[in-house]
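**Student:** Chains B, C and D: place on chain A using the hints.
There are 4 protein chains.
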Amino acid sequence: MAAHQEAIFDVAQLAHVEILSPDPAATEEFFVDYLGMEVTAREGQTAHLRAYEESYHSSLLITEAPEPGVGHVAWRAQSPAALERRVAAIESTGLGRGWIDGATGHGAAYQFNTPDDHLMEIFWDVERWTPAPEERTPLKNRPQRRPRHGVPVRRLDHVNLMAADPVECREFMQEQLGFRVRERIVSDGSPDAVELGNWMSVSPSVHELAIMRDPAELRGRFHHVCYWYGVPQHCNDAAEVLREAGYEIEAGPGKHGVSQATFLYVWEPGGNRVELFGDVGYLIHEPDWEPVTWEADTEMTWLTSVYGPIPMSFFEIGTPPVGPAAAAPAADTRAAAS
Amino acid sequence: MAAHQEAIFDVAQLAHVEILSPDPAATEEFFVDYLGMEVTAREGQTAHLRAYEESYHSSLLITEAPEPGVGHVAWRAQSPAALERRVAAIESTGLGRGWIDGATGHGAAYQFNTPDDHLMEIFWDVERWTPAPEERTPLKNRPQRRPRHGVPVRRLDHVNLMAADPVECREFMQEQLGFRVRERIVSDGSPDAVELGNWMSVSPSVHELAIMRDPAELRGRFHHVCYWYGVPQHCNDAAEVLREAGYEIEAGPGKHGVSQATFLYVWEPGGNRVELFGDVGYLIHEPDWEPVTWEADTEMTWLTSVYGPIPMSFFEIGTPPVGPAAAAPAADTRAAAS
Amino acid sequence: MAAHQEAIFDVAQLAHVEILSPDPAATEEFFVDYLGMEVTAREGQTAHLRAYEESYHSSLLITEAPEPGVGHVAWRAQSPAALERRVAAIESTGLGRGWIDGATGHGAAYQFNTPDDHLMEIFWDVERWTPAPEERTPLKNRPQRRPRHGVPVRRLDHVNLMAADPVECREFMQEQLGFRVRERIVSDGSPDAVELGNWMSVSPSVHELAIMRDPAELRGRFHHVCYWYGVPQHCNDAAEVLREAGYEIEAGPGKHGVSQATFLYVWEPGGNRVELFGDVGYLIHEPDWEPVTWEADTEMTWLTSVYGPIPMSFFEIGTPPVGPAAAAPAADTRAAAS
Amino acid sequence: MAAHQEAIFDVAQLAHVEILSPDPAATEEFFVDYLGMEVTAREGQTAHLRAYEESYHSSLLITEAPEPGVGHVAWRAQSPAALERRVAAIESTGLGRGWIDGATGHGAAYQFNTPDDHLMEIFWDVERWTPAPEERTPLKNRPQRRPRHGVPVRRLDHVNLMAADPVECREFMQEQLGFRVRERIVSDGSPDAVELGNWMSVSPSVHELAIMRDPAELRGRFHHVCYWYGVPQHCNDAAEVLREAGYEIEAGPGKHGVSQATFLYVWEPGGNRVELFGDVGYLIHEPDWEPVTWEADTEMTWLTSVYGPIPMSFFEIGTPPVGPAAAAPAADTRAAAS
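Protein chains in written order, with the working numbering: chain A, 1 to 338; chain B, 339 to 676; chain C, 677 to 1014; chain D, 1015 to 1352.
With the rest of the complex left out, here is chain A (with noise of 0.2 Å):
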């Protein structure tokens, strides 16, 4: 029997996600009036969502800003003992930001930076949204009804970061919080290989953190947020609803090699790209999952999709953008990767 050393169990979830939006007007339509979600408070440049499958108070939070990018990521804690356990970590790290008292949605938390300047907070009390009375549902596990507004998601997925170094934020996740890696993409197969992006989990979820290597060699910029549908039929349908109004398509509806799960990306008007994950692809239930490890060299068709290629742009493009790719991804870039 090899030695086998015991997981952490102590971050039970991602909470939210906070993406900056030079157009949050138009941001903001683009999640209610398209993807079904609802506004539940409105504060000074920020406004917050929920999907209807969601308990909590607020799963995306719209913040104003000059560039699209990433404000923040939030995990939940598994247990108040848990939080003092991560925050103790991260704090041995040096990463540590220190306490908030609260902010609308959730009670105090704590923030810390990743290795690569992301910004992460980490809570355990969280304010729960009661839906208005009509909105009521007999289906007793369900918050509220399903809307009949949009194409409308589920729940929030996970969130993608670019980061000018993957590994050290990988083993930063894994070490301080306890993710578990399921895949990553190396360049090649040689001893020289250098790690393009990992995906991580504390579920049976491939991830709920993937984090890719920014070709820009910034720090701390945003790859996508990614909502659900369950059905996978539901990516076709809001890439034709978006599509006819006007939103560009960057990739999909498609099968992902990595995670198996079908995906749809879309660029939302405030410039930054949203995945739609039609289902859940494969579960890892196994405790000792040896992470899958491709090589982008030869790999890369497979990796990115079961079907077929998907476009470059998904590898360069990151927000805030930065130098040639900055200009708005405009469809006639678009070149299959292979």
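Hints are computed from structural coordinates only; laboratory data are not their basis.
Watch out, some of these pointers could steer you wrong.
Said to hold, decoys possible - Output of the computed footprint for chain B on chain A, the stretches with three or more beta carbons under 8 Å from beta carbons of chain B:
# : stretch
1 : 34-45
2 : 67-76
3 : 98-105
4 : 138-147
5 : 227-234
Since this is a predicted model, take the numbers as computed values, not measurements.
Positions of the beta carbon are idealized from the N, C-alpha and C atoms, including for glycine.
**Tutor:** What follows is chains B, C and D alone, placed relative to chain A:
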């Protein structure tokens, strides 16, 4: 901040289920020719089978027996230390049966009974299966190619047992093994209400284990085992192919209220009920999830199915068969539950 | 080579159906807020509606009336000359009622009765609908964008009528209007078998018109009108949204044996049965198709549904309501047909 | 009332397509082991195959030849008299080749060339196929049970040919055979625009025949043959199974703008492009349908796909191969069409 007991994360997954069949050849044909599984070993009266996305040696054991029913249910621990902790806990209840040296497909296992006399076991060491070279796939997170026979299931999902006292069983699984209760059915809203069923999990899924009250008040009976597709359409495909071949569908394809999963119930020719899941339904990431409680007298049509009622046989028939219901479950005995 | 009579191709399509409702506002809300249709005109007691892939002015008329039922059924001819030919044929039977000058949405129409006293009409000139500029779509074969409200139906599919004598009605539609019989239900395999229902079309679809024997032996009653999604999942979506809103599902989502189409039956609040089709089922391109004949005494579970039985109410309740069955169709009156 | 020419309804359906393959064993394996078809006859260099919902002897002929391409395309007439009428019409154009006595699977057939030298035939007498007794199904409108091997296609859907002059071919099919034009692509919106492709049908489907301009300006080349699933998910299933087996996907699964159908393009190992249709897209019941005309210079991303662009190879490669494009179509030559 309310007091919050820390959860136990020592059971990682449902590892395998042994079902009993008076016609093991027909049972095997059902799982292999129609559900696309593979026989990985035969020994004595038992055949071992696995589904194509399972990396372990086997997830289903079919054992010849005079009557249908469940042989045993096996769990894999989260780690060797977690295994030790659970064994100690079980032993303290007096329900432990002791260690076995190992068996085809796994190493040393600790056997125990539920309070209702279902035989279970828990182990750490497991044997992995190496598919034939021609079954290798470039989709590296999948142990082998998707089979081209039948409508192939991907992995074992959950097991559902009947118990004379489902409360006692549930509490044992909660306290000694760390299961979290996700949903429950009680007879009504009164203080004297009886618990008719419960759904428990060690993961964000609503259940790896459900226990339903046995209307015959017998002990140790079996309700069903469930395999997973991940794609709702595949329940439709299976229903069509199975029914054309003369297998009897009990209910579905439909969508459960409890778990929200897409389901199909079919009788395998040995007399056991088999469920096929088309998706994950909803996932529970909240660490302080309050179990959803349904009241059978008024909410039956919602809890069984979002779309409408399912046959009463679902609540009445377990295996081994007993009394009048022991007669072969025939299409013409179906009545709508409402 | 067997003698083969040349088919008549003079009826092009089902153009619109008028349903009667004692609660037209609720009926309209059902079709607009939940099925995504649009009101294009109101005049007197009638509202005109269309679905988003229909280019004509309207496909559904909702007319206030004391009881639910069908007002009239309208067909569009294949050409002006085809219209003349069909009018002459109908006139020869004595069932013609004469020309009307036109009505909202279409030009001059010839009205007639079926032998069972259903009012029908046939016309050539039709008014096309111009969607609002903001509804234009780059998908040029679609009259307007897919709506973002409800689970929007795409087009009218078929109408199902009840008749005291379905044979007489069928022969009239075959001989005078050129319908081809695709499937039939007879009571049994004996020489005295009674025809219980038939499905007829003027296209490769299995039916634009079905006629079922009225168990009340009344004349001119209505069974249902059907709208089309083209995507099976949308029947699931509609079932979920409708049932959460309190509408009553009669049967489905399921897959018919007759027509092989994915179906959902729901009661609109005016008391009429509405069907939603998820796909086309199968198409008949063979010019010498022999009608498929099902025997109700032994094949009922297959003809109604590939997956399993549907409620007996399906065979018993028509509109206007009559006798004991006239009581509001409630969930607890459902019984499985087998 | 505008003058309206009466349509010709003399061609009932696409009956079969003969494809040429330099590797007929591999081509047959593709259609049988992966698409679930059945070989019904072999004679000389030709294998006859049928899909499981086809009642005729065969819909696909695979003939050994030095290069891939199309052998001939066969239509079934609406009636014996309709056959006579079409033969007379074709003869008047000088493109007739005369009668053959019959062939495996059908009776006397009249052969002719399109103006672009594609060999076609039309017949009335057809041989029906009797499945083996063990393949009988209680689903009486289906010739046999759904197969349990591969991802089985249901029926032949359409054929797509390349032509040096697609206009001349289209006009011949319209005038002599009664095809209705449903959609067209022209190069741009100018008066000098060139027709790049057209889609024609003898039914409410958008096409049984499409003709695309051959960029090589050769005559008689082949673009693809399409089989039908009726369920969009099955295109995903086929893509996954085919790609894991090493077959090359050219494009999809996606949703066409032209026809709105769910599609998958894959190269069979003989070198021909095969399409799989997941649904019917939209159906045209309007007798005075105006062909939808797309302009390639500005609308290419919409006409090919509702979701986004497809590879340029789709517009460039026909069979037999020619010039530089004759090199095996490899994944790394793909470029996005926009």
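**Student:** Confirm or reject each hint.
**Tutor:** We went through each hint and held it up to the structure:
no.	hint	result
1	34-45	violated (count 0)
2	67-76	violated (count 1)
3	98-105	violated (count 0)
4	138-147	holds (count 5)
5	227-234	holds (count 3)
When the structure is compared with the earlier hints, violations turn up for hints 1, 2 and 3 and for no others.
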